[in-house]
Amino acid sequence: AQSVAQPEDQVNVAEGNPLTVKCTYSVSGNPYLFWYVQYPNRGLQFLLKYITGDNLVKGSYGFEAEFNKSQTSFHLKKPSALVSDSALYFCAVRGSRTASKLTFGTGTRLQVTL
Amino acid sequence: NAGVTQTPKFRILKIGQSMTLQCTQDMNHNYMYWYRQDPGMGLKLIYYSVGAGITDKGEVPNGYNVSRSTTEDFPLRLELAAPSQTSVYFCASSYSGQVEAFFGQGTRLTVV
Chain A
307 AQSVAQPEDQ
317 VNVAEGNPLT
327 VKCTYSVSGN
337 PYLFWYVQYP
347 NRGLQFLLKY
357 ITGDNLVKGS
367 YGFEAEFNKS
377 QTSFHLKKPS
387 ALVSDSALYF
397 CAVRGSRTAS
407 KLTFGTGTRL
417 QVTL
Chain B
23 NAGVTQTPKF
33 RILKIGQSMT
43 LQCTQDMNHN
53 YMYWYRQDPG
63 MGLKLIYYSV
73 GAGITDKGEV
83 PNGYNVSRST
93 TEDFPLRLEL
103 AAPSQTSVYF
113 CASSYSGQVE
123 AFFGQGTRLT
133 VV
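Protein chains in written order, with the working numbering: chain A, 307 to 420; chain B, 23 to 134.
By construction, these hints were calculated from the structure, which means they are not laboratory data.
None of the values given here were measured: they were computed from a predicted structure.
Some clues are possibly wrong.
[Said to hold, decoys possible] Below, simulated DSS-like cross-link-like pairs (lysine-lysine); rule was C-alpha separation at most 27 Å, straight line:
| no. | chain 1 | residue 1 | chain 2 | residue 2 |
| --- | --- | --- | --- | --- |
| 1 | B | K66 | A | K383 |
| 2 | A | K355 | B | K66 |
| 3 | B | K66 | A | K328 |
| 4 | A | K355 | A | K328 |
| 5 | A | K355 | B | K79 |
[Stated by the list, open to error] Covered stretches of chain A, as calculated for chain B (at least 3 residues, CB under 8 Å):
| no. | region |
| --- | --- |
| 6 | 317–329 |
| 7 | 411–418 |
Beta carbons are placed, not taken as given, at the ideal position from N, Cα and C, and that holds for glycine.
Using the sequences provided together with the hints, build the complete structure.
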């Protein structure tokens, strides 16, 4: 069965500092990986994805993520955090053999403070 | 485009009642999904569909039913509501497995 692990319930970072939100996955076949963000009382918004190609992918609002096949990881990063980045972040995966099934992690709450 | 539309936004049910959560998308997407989000538990997949007439169980299908008679609509049915079904429900759709899914705004359901 495919799965996603987000080991940190919450990440705290000061504004202007770099941030990393961790994600590891397990899936059959090649992974299709996604990051989403959720603001309070809202649905999920897509940030970025990795399907194939360059291991470093860039997405919305200055976020990027690095795919590491050997470590089965897809960590979300941003060079300089903003207070407005504070939200709940979800990593999700599909496998190339089960491309219809989209599985999410438990989410990581990012808190950026002044 | 409206995207993915869910109705209702809020609902309170009594134990044993039934209801249907509506989901419709206007993007001609093949894949559609229902998730529930419990506090601190992330999103759990209830059911999904790869096209009209085809549905499949996710991680937590018990107590729910779905149908997919058209490409646009993917309603979720609760037959005998239980307090354990208190949650926020999200519908999502995507064109294929290699592209992102789009989410509705959610339905907050309370069973008392």
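Enumerate the violated hints, using their earlier numbering and listing them in ascending order. 6
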